[in-house]
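Quick note: the sequence shown uses full-length UniProt numbering, first residue 1, plus one each step.
Simulated from the structure, these hints should not be mistaken for laboratory data.
Possibly wrong hints are sitting among the right ones.
[Stated by the list, open to error] The calculated DSBU-like cross-link candidates involving lysine-lysine, where the alpha carbons are at most 30 Å apart (straight line), are:
1) K19 x K29
2) K29 x K109
3) K105 x K187
4) K156 x K140
5) K109 x K140
6) K105 x K19
7) K111 x K19
8) K140 x K105
9) K19 x K109
10) K29 x K187
11) K187 x K109
12) K29 x K105
13) K187 x K156
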Amino acid sequence: MLGRAVDDASTGSDSDYSKSWISWFLSSKGNEYFCEVEEDYILDRFNLTGLNNEVSNYAQALDLITDNLDDEIQDELRGALDVQARLLYGLIHARWIVTARGLSKMLEKFKRVDFGRCPRVLCQSQPLLPVGLSDIPYEKSVKLYCGRCEDVYSPKSSRHGSIDGAYFGTSFPHLLFLVYPNLIPPKIGPVDAAPAPRANETEASKRSRRTREEPEMPETVGEPISTAGAALKADRYRPRIYGFQLNEIAKLQRWQEAVRDRQVSRLEALEDLS
Numbered sequence: 001m002l003g004r005a006v007d008d009a010s011t012g013s014d015s016d017y018s019k020s021w022i023s024w025f026l027s028s029k030g031n032e033y034f035c036e037v038e039e040d041y042i043l044d045r046f047n048l049t050g051l052n053n054e055v056s057n058y059a060q061a062l063d064l065i066t067d068n069l070d071d072e073i074q075d076e077l078r079g080a081l082d083v084q085a086r087l088l089y090g091l092i093h094a095r096w097i098v099t100a101r102g103l104s105k106m107l108e109k110f111k112r113v114d115f116g117r118c119p120r121v122l123c124q125s126q127p128l129l130p131v132g133l134s135d136i137p138y139e140k141s142v143k144l145y146c147g148r149c150e151d152v153y154s155p156k157s158s159r160h161g162s163i164d165g166a167y168f169g170t171s172f173p174h175l176l177f178l179v180y181p182n183l184i185p186p187k188i189g190p191v192d193a194a195p196a197p198r199a200n201e202t203e204a205s206k207r208s209r210r211t212r213e214e215p216e217m218p219e220t221v222g223e224p225i226s227t228a229g230a231a232l233k234a235d236r237y238r239p240r241i242y243g244f245q246l247n248e249i250a251k252l253q254r255w256q257e258a259v260r261d262r263q264v265s266r267l268e269a270l271e272d273l274s
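Work out the full structure: start from the sequences and follow the hints.
Following this line, the structure appears as structure tokens:
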């Protein structure tokens, strides 16, 4: 359901097919987390192995992405294919960003802080990275991983919050840090300063960037949740490389979770007394 919500979102200029499909998709509101997948990668069928079982009308959806769809296809069918094309592009994107060229593209976005900064004060505005908590579509929405506190956070924008996490996969953030170890943030001390605004950046682009970083999530009204309950419900990112947990990190996380469980027990005891 969460993936279908973003797949069905297309308003205003988003329906303009005068440009290439990938350019149109990347310029649509809510798709700022995605990078451009090179056409050579998409056209190499080896890179798409198995995706025909994940996407309905696979061949036609692929033709739509690569701008090879027959012009005689009716508008109604094209609209239905667009949903499948978004799913297919997202799954291709998850594979692309763990390649050398894909990591380089995402590195540029990371340096521009396109994914936002960690809200935790002690992390001192550490830039975040998108991550999926599942590689299976329609299971988990995308989260943002902080390499400093090693926690995951929900995107501020509701548009970004409805992106399927499978479009980024479970391997990307940690693989980026393995390939670029100089990016691993220190646990204490200030992080590197954000790059200065580019000389040719206009006021409009600055406003657009600020808008992306501003929260759009509506405030929820309901029963207050306890601190211990919030801690137990928090998602935990387990770094994996192609599905396999890293041994040293797995041992460290078991220790961290044991410490967290002890802290949660103390919080529950304090809340019972109050």
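Right, here's what the structure says about each hint:
1. K19 x K29: Answer holds: K19 to K29 is near 16 Å, not above 30 Å.
2. K29 x K109: holds (16 Å)
3. K105 x K187: holds (26 Å)
4. K156 x K140: holds (16 Å)
5. K109 x K140: holds (23 Å)
6. K105 x K19: holds (21 Å)
7. K111 x K19: holds (28 Å)
8. K140 x K105: holds (24 Å)
9. K19 x K109: Roughly 23 Å separates the two Cα atoms, so the pair holds.
10. K29 x K187: The hint is violated at about 34 Å.
11. K187 x K109: Holds, at about 22 Å.
12. K29 x K105: holds (19 Å)
13. K187 x K156: Satisfied, since the Cα-Cα distance of roughly 24 Å is no more than 30 Å.
Hint compliance for this structure: hint 10 is the single one not met.
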